[in-house]
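Chemist: The task is simple: from the sequences and hints, build the whole structure.
Going by the working numbering, the first residue of the sequence shown is number 1, and it counts up by one from there.
It is worth saying that the hints were derived from the structure and are not from the lab. One thing to keep in mind: the hints can contain errors.
Said to hold, decoys possible - Using 30 Å as the maximum straight-line C-alpha spacing, the simulated DSBU-like pairs for lysine-lysine come out as follows:
id : residue 1 : residue 2
1  : Lys-67    : Lys-83
2  : Lys-7     : Lys-83
3  : Lys-67    : Lys-7
4  : Lys-81    : Lys-7
5  : Lys-67    : Lys-25
6  : Lys-83    : Lys-6
7  : Lys-6     : Lys-67
8  : Lys-77    : Lys-67
Stated by the list, open to error - Quick list of simulated restraints, FRET-style, between CB atoms:
id : residue 1 : residue 2 : range
9  : Arg-48    : Lys-20    : 26 to 36 Å
10 : Lys-20    : Gln-64    : 44 to 54 Å
11 : Leu-18    : Pro-75    : 44 to 54 Å
C-beta: ideal position from N, C-alpha, C; glycine also.
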Amino acid sequence: MATVTKKELIDRIAERTLAKRVSVKRIIQAFLDEITDELCQDNRLEFRDFGVFETRTRAARTAQNPKTLERVEVPAKRTVKFKMGRLMRERLSTDVSNPSEPTI
Numbered sequence: 001m002a003t004v005t006k007k008e009l010i011d012r013i014a015e016r017t018l019a020k021r022v023s024v025k026r027i028i029q030a031f032l033d034e035i036t037d038e039l040c041q042d043n044r045l046e047f048r049d050f051g052v053f054e055t056r057t058r059a060a061r062t063a064q065n066p067k068t069l070e071r072v073e074v075p076a077k078r079t080v081k082f083k084m085g086r087l088m089r090e091r092l093s094t095d096v097s098n099p100s101e102p103t104i
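Modeler: What follows is the structure, encoded as structure tokens:
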């Protein structure tokens, strides 16, 4: 499994759309900023067939430091949950049956 960076995505989209790399970079950054802003306002983002992003609050809990075995209070925090859309789920499930690279 490879890691694809934002820079690589910008290069791919610029090549595919024949747009200037700088323009694509600005658009992608604006898109990511909007997603972040909406999630910070506890808004749900739905992209049909791709998926849904929404925030969840994890409850405060007591944990244990594995090194010292000391009990530690972990405060509540917000996280982002992503639920796959139908098309993504279908594409990912078909890719499992026909892997493009061998698994170890």
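Chemist: Does the structure break any of the earlier hints, and which numbers would those be?
Modeler: 1, 3, 5, 7
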